[in-house]
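J.: Based on the sequences and whatever the hints tell you, model everything.
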Amino acid sequence: KQEVTQIPAALSVPEGENLVLNCSFTDSAIYNLQWFRQDPGKGLTSLLLIQSSQREQTSGRLNASLDKSSGRSTLYIAASQPGDSATYLCAVGPGGGNKLTFGTGTQLKVEL
Amino acid sequence: GAVVSQHPSWVICKSGTSVKIECRSLDFQATTMFWYRQFPKQSLMLMATSNEGSKATYEQGVEKDKFLINHASLTLSTLTVTSAHPEDSSFYICSASPSGQANYGYTFGSGTRLTVV
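Residue numbers (the working numbering), protein chains in the order written: chain A, 1 to 112; chain B, 1 to 117.
Rather than coming from a laboratory, the hints here were simulated on the basis of the structure. Don't take each hint at face value.
To be verified - The calculated lysine to aspartate or glutamate pairs, modelled on EDC-like cross-linking and capped at a C-alpha distance of 16 Å, are:
| hint | chain 1 | residue 1 | chain 2 | residue 2 |
| --- | --- | --- | --- | --- |
| 1 | A | K99 | B | D88 |
| 2 | A | K1 | B | D65 |
| 3 | B | K66 | B | D88 |
| 4 | A | K109 | A | E15 |
| 5 | A | K99 | A | E3 |
| 6 | B | K41 | A | E15 |
| 7 | B | K64 | B | D88 |
| 8 | B | K20 | B | D65 |
| 9 | A | K68 | A | D27 |
What the hints assert, rightly or not - Simulated coverage check for chain B against chain A, where a stretch passes if three residues somewhere in it have a Cβ under 8 Å from a Cβ of chain A:
| hint | region |
| --- | --- |
| 10 | 42–54 |
| 11 | 61–70 |
Note that the Cβ used here is the ideal one computed from N, Cα and C, for glycine as well.
T.: Okay, structure coming up:
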């Protein structure tokens, strides 16, 4: 059974800092990995999608890497802003339209 | 592209009544949709997989008679919470991915906050 863990569970940083969120999964037979952001009381917003054949994806200040063999992914946020405050979730997909397995989430707070 | 619309965004109902939540894929077709439940400060818990034209697949521990799922078309899935009780109060979210495009990733609805009083 696939298990996905995110470290740290919570993180508080001053504005402007670069930070790294970690995601690890136990079964490396994944099709893709997706990073999401969730604001309180809201749905999930997809940030980055990495296919299993890819090593990283970038979007603006966000960069996600994937090391499938070691079962790890990182989300790098450059020059953090208060608007980045949210819960970040990673999820792995087995492909074929099958269900995602979610991580436990990292609650990020960026302070002025 | 790949927008999922979920309605209502919040609903308050009396104990014993039923509530229907809709999940629509606006610009793509989805053979499969997923329904999640989320408790405060916890991650998403998959409730069921909704399959167009066939019965939904429920996760272990989820009562199929309480959480009725209908996926009558390639763009609409509904979740009906029957005879709702206060313990059913939660945040419900649906998701979908374009049919036949497994590398596209999943798009989520904005969620529905259900409060049963």
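J.: What hints, given by number in increasing order, does this structure fail?
T.: 1, 2, 6, 11
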